[in-house]
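Undergrad: Residue strings, one per chain:
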Amino acid sequence: MLPLFRFVTSSLRSMLRGGRSYYIWIAFLLAWIALGGAAYLHQLRVGFVATNLVDHVPWGAYIANFTYLVGMAAGAVMLVIPAYVYHDHALHDVVVLGELLAVAVLTMCLMFVMVDIGRPDRIWHFIRFNWPVSMLTWDVIVLNGYLALNAYITGYILFTKFCGRTPERKKYVPFVFLAIGWAVSIHTVTAFLYSGMGARPHWNAAILAPRFLASAFAAGPSLMIIALTIVRDKMGFPLKDEALNRLRQIVAVTMLINLFFFFSEIFTELYSFKHHAASMRYLLFGLHGHTTLVPYIWSAVALDVFAAIVFTTKALYRRPAVLHAGCAAAIVGVWVEKGMGLVIPGFVPSPLGEVVDYIPSFTEFCVSAGIWATGALIYTLLLKAAVPIELGTSRLEPEAAS
Amino acid sequence: MRRVMVIDARRCVGCEACVVACKTENHVPDGAYRDWVVQETRGEYPSLELTIQSQRCNHCSNAPCVANCPTGASHYRGDGTVQVDRDKCTGCRACIASCPYGARYVAPEGHVEKCTLCVHRLDRGKPTACEEVCPTSAIATGDRGDRGSVVALRLRRGTASVVTPEAGTEPNVSYVR
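As they're listed, the protein sequences go chains A and B.
Per our numbering, the very first residue in the first sequence carries number 39; after that it's consecutive.
Per our numbering, the very first residue in the second sequence carries number 40; after that it's consecutive.
It should be emphasised that the hints constitute simulated quantities derived from the structure, not laboratory data.
Each hint should be verified, as a subset may be incorrect.
[As the list claims (entries may be wrong)] Computed from the model, here is a short list of chain A residues facing chain B with C-beta under 10 angstroms:
{"no.": "1", "residue": "97"}
{"no.": "2", "residue": "154"}
{"no.": "3", "residue": "166"}
{"no.": "4", "residue": "177"}
[Said to hold, decoys possible] For each label pair, taking beta carbons as the anchor points, the in silico distance ranges come out as:
{"no.": "5", "chain 1": "B", "residue 1": "171", "chain 2": "A", "residue 2": "171", "range": "46 to 52 angstroms"}
{"no.": "6", "chain 1": "A", "residue 1": "152", "chain 2": "B", "residue 2": "55", "range": "38 to 44 angstroms"}
{"no.": "7", "chain 1": "B", "residue 1": "171", "chain 2": "A", "residue 2": "324", "range": "25 to 31 angstroms"}
{"no.": "8", "chain 1": "A", "residue 1": "183", "chain 2": "B", "residue 2": "209", "range": "32 to 38 angstroms"}
{"no.": "9", "chain 1": "A", "residue 1": "336", "chain 2": "B", "residue 2": "41", "range": "47 to 53 angstroms"}
{"no.": "10", "chain 1": "B", "residue 1": "209", "chain 2": "A", "residue 2": "92", "range": "45 to 51 angstroms"}
{"no.": "11", "chain 1": "A", "residue 1": "397", "chain 2": "B", "residue 2": "90", "range": "34 to 40 angstroms"}
{"no.": "12", "chain 1": "A", "residue 1": "167", "chain 2": "B", "residue 2": "171", "range": "37 to 43 angstroms"}
{"no.": "13", "chain 1": "A", "residue 1": "236", "chain 2": "B", "residue 2": "171", "range": "32 to 38 angstroms"}
{"no.": "14", "chain 1": "A", "residue 1": "171", "chain 2": "B", "residue 2": "55", "range": "22 to 28 angstroms"}
{"no.": "15", "chain 1": "A", "residue 1": "332", "chain 2": "B", "residue 2": "40", "range": "49 to 55 angstroms"}
{"no.": "16", "chain 1": "B", "residue 1": "89", "chain 2": "A", "residue 2": "343", "range": "48 to 54 angstroms"}
{"no.": "17", "chain 1": "A", "residue 1": "313", "chain 2": "B", "residue 2": "89", "range": "18 to 24 angstroms"}
{"no.": "18", "chain 1": "A", "residue 1": "53", "chain 2": "B", "residue 2": "124", "range": "24 to 30 angstroms"}
[Stated by the list, open to error] Short, incomplete list of chain A residues facing chain B, as computed with Cβ under 8 angstroms:
{"no.": "19", "residue": "85"}
{"no.": "20", "residue": "93"}
{"no.": "21", "residue": "96"}
{"no.": "22", "residue": "160"}
{"no.": "23", "residue": "171"}
{"no.": "24", "residue": "173"}
{"no.": "25", "residue": "174"}
{"no.": "26", "residue": "175"}
{"no.": "27", "residue": "235"}
{"no.": "28", "residue": "390"}
{"no.": "29", "residue": "393"}
{"no.": "30", "residue": "394"}
{"no.": "31", "residue": "398"}
{"no.": "32", "residue": "431"}
Don't be surprised by glycine CBs; every beta carbon is placed ideally from N, CA and C.
The following block holds chain A by itself, in its conformation from the complex (with noise of 0.2 angstroms):
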């Protein structure tokens, strides 16, 4: 148990060290915190009343946080499949610290679910399991199993090396494998929970769920680029320029695909001008006057189609500033389409006909930047422990070992 103690100590000791500019940003993330979990006491004291959501559209800013993220966690994979199964050394080096966003980001997926469904304790209801047919009691398995496999192989791994061992290949490369399938499945899971609804024809499409997946592949690895980059300049992680550059080729296709996905589902929604196109025209063009997503969507369209231009264009994307705005551009832009503009149609106009719309209000504006933050305090947090035994400054001692 030792080496274990000393691991753990060592981990929170690396984690609270840190210069002037890591505390200031410590502190950041801490007071949005504070601000998301005053916001958050406020909602369990007075309900739902507290936010925006209504029984027209009763699912809002957190589940469309929530779709966004189960994505960014699959994104991860993406620094996994062509480090495992192409054998690409640049990313091996980084697959610990991707594998790391998905636990954090994980995390902050099962916390969007806590305050969506108002008072905690409710969240063991869910243990009562309606399997196989409902897609919900999938998500939870699929999350919960993701979250433990990417949390063990990022353990054994970083608790080998600090041990000074090389972790042995056959007890994590399976459960690496297994991961890959896994995160292919938690994203596909989510697509379906959504197109499974034949009660709302917006959602009820089989692009969905290749969809999910190619803007997720997009917007994790841009996390991903601008999180290294960070890594690599604060904290001296000896980082490829290989690495980023394969990170940007998988950007610069996935957003392609994502941005043609998109486009063929609004030209089958549209071009037949069907009844069900409804939440379509709410979304792009406003619906009877309502037009509270159009600035929204087309914001997020152009967001992506710069991004797009961005990762293809050499003259662009070599100079790290524009490769960053681009990164930027893709994550906002995914997660506007994929969040509140996938959502919120979905629910537009309603079965009997009425249109509602929604925007989230500042409590739920305040309990999701809460979530964010704490995210990203996970997610720095874990890397000040990791980077250190990933370079080897951070060891068990000798006599701790024997």
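Please arrange chain B on chain A, whose structure you already have, making use of the hints.
TA: Just chain B, lined up with the frame of chain A:
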């Protein structure tokens, strides 16, 4: 036993007494309804046709809410009705998203509610609250298998239709004309 509701749409006058009776009987909270009246005018003046329907949960035999519920809180009761067990409900609202009829709402306590077909009354041999107050006897509830019942008689007329049949939910609330 297979409980069904058969509404004679020719008799319905759209008085909304069923809506008020349900709210009172079931203590339905402010802003929520378990049944409602839809009036639809078709055609062009002067050849107009007015349809009035008292609608509610259709207690579907192939209910998407039951399939989508992650905990089995939404379930089929032995008599063919669809019920919600509030102690199992997570409040995730997947059932609301999956219902093609907009029949469900979130109660102030956080669980989801909808029309129960007043099974607490039917079990005691009383009619549903909406059926009891209907001034034209447009609403009838009963056992489909009982050949002498009003519902069986109305269904035998052979003109029964359901709301949104393309959803494939096999509703147990029918409308005859």
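Undergrad: All the hints need checking, so say for each whether the structure fits it.
TA: Hint check:
Among the interface hints, the one on residue 97/A holds; its C-beta lies about 6 angstroms from the nearest C-beta in chain B, closer than the 10 angstroms criterion. Interface hint status for residue 154/A: upheld, as the beta-carbon distance to the closest one in chain B is roughly 7 angstroms, under 10 angstroms. The criterion of a C-beta within 10 angstroms of any C-beta in chain B is met by residue 166/A, whose closest approach is roughly 4 angstroms, and the hint holds. The beta carbon of residue 177/A is positioned within 10 angstroms of a beta carbon in chain B (closest approach about 8 angstroms), and the interface hint is therefore held.
At roughly 36 angstroms, the beta carbons of residue 171/B and residue 171/A sit outside the given window of 46 to 52 angstroms. For the pair residue 152/A and residue 55/B, the supplied restraint of 38 to 44 angstroms holds, since their beta-carbon distance comes to about 39 angstroms. Between residue 171/B and residue 324/A, the C-beta spacing of about 44 angstroms breaks the proposed range 25 to 31 angstroms. Between residue 183/A and residue 209/B the beta carbon distance is about 34 angstroms. The supplied range of 32 to 38 angstroms therefore holds.
Between residue 336/A and residue 41/B the beta carbon distance is about 51 angstroms. The supplied range of 47 to 53 angstroms therefore holds. Our hint of 45 to 51 angstroms for residue 209/B and residue 92/A is violated, since their Cβ atoms are close to 28 angstroms apart. For residue 397/A and residue 90/B, the hinted distance range of 34 to 40 angstroms is satisfied, since their beta carbons lie about 35 angstroms from each other. Take residue 167/A and residue 171/B: their Cβ atoms lie about 39 angstroms apart, and the range 37 to 43 angstroms holds.
Residue 236/A and residue 171/B have their C-beta atoms about 34 angstroms apart, which keeps the hinted 32 to 38 angstroms range intact. A hinted range of 22 to 28 angstroms is violated for the C-beta pair residue 171/A and residue 55/B, which are about 36 angstroms apart. Between residue 332/A and residue 40/B the Cβ separation comes to about 51 angstroms, which falls inside the hinted range of 49 to 55 angstroms. Checked against the hint of 48 to 54 angstroms, the pair residue 89/B and residue 343/A passes, with Cβ atoms roughly 50 angstroms apart.
Range check, residue 313/A to residue 89/B: Cβ separation about 22 angstroms, and the 18 to 24 angstroms hint holds. For the pair residue 53/A and residue 124/B, the beta carbons lie near 44 angstroms from each other, so the given range of 24 to 30 angstroms is not met. Evaluation of the residue 85/A hint against chain B yields a held restraint, the C-beta minimum of about 7 angstroms falling below 8 angstroms. Annotation: residue 93/A was flagged as interfacial toward chain B, and the flag holds, the nearest CB pair being 4 angstroms apart, inside 8 angstroms.
Annotation: interface hint on residue 96/A holds; nearest CB of chain B at approximately 4 angstroms, less than 8 angstroms. Contact between residue 160/A and chain B, as hinted, is supported at the beta carbon level, the nearest pair being about 5 angstroms apart and thus within 8 angstroms. Proximity of residue 171/A to chain B holds as hinted, the smallest CB-CB distance being about 5 angstroms (cut-off 8 angstroms). With a cut of 8 angstroms, the hint placing residue 173/A at the interface with chain B holds, because the nearest CB-to-CB distance is about 7 angstroms.
At about 4 angstroms, the closest approach between the beta carbon of residue 174/A and any beta carbon in chain B falls short of 8 angstroms, and the interface hint on this residue holds. For residue 175/A, the suggested interface contact is upheld, since its CB lies about 5 angstroms from the closest CB of chain B, less than 8 angstroms. Because the closest C-beta pair between residue 235/A and chain B is about 5 angstroms apart, less than 8 angstroms, the hint holds. For residue 390/A, the interface hint holds, the least distance from its beta-carbon to any beta-carbon of chain B being 5 angstroms, beneath 8 angstroms.
A hinted interface residue such as residue 393/A counts as satisfied when its beta carbon comes closer than 8 angstroms to some beta carbon of chain B; here the least separation is about 13 angstroms, so the hint is violated. A least Cβ separation of about 11 angstroms between residue 394/A and chain B goes past the 8 angstroms threshold, and the interface hint is therefore violated. Because the beta carbon of residue 398/A sits about 16 angstroms from the nearest beta carbon in chain B, more than 8 angstroms, this interface hint is broken. Here the hint on residue 431/A is broken, as its CB sits about 45 angstroms from the closest CB of chain B, past 8 angstroms.
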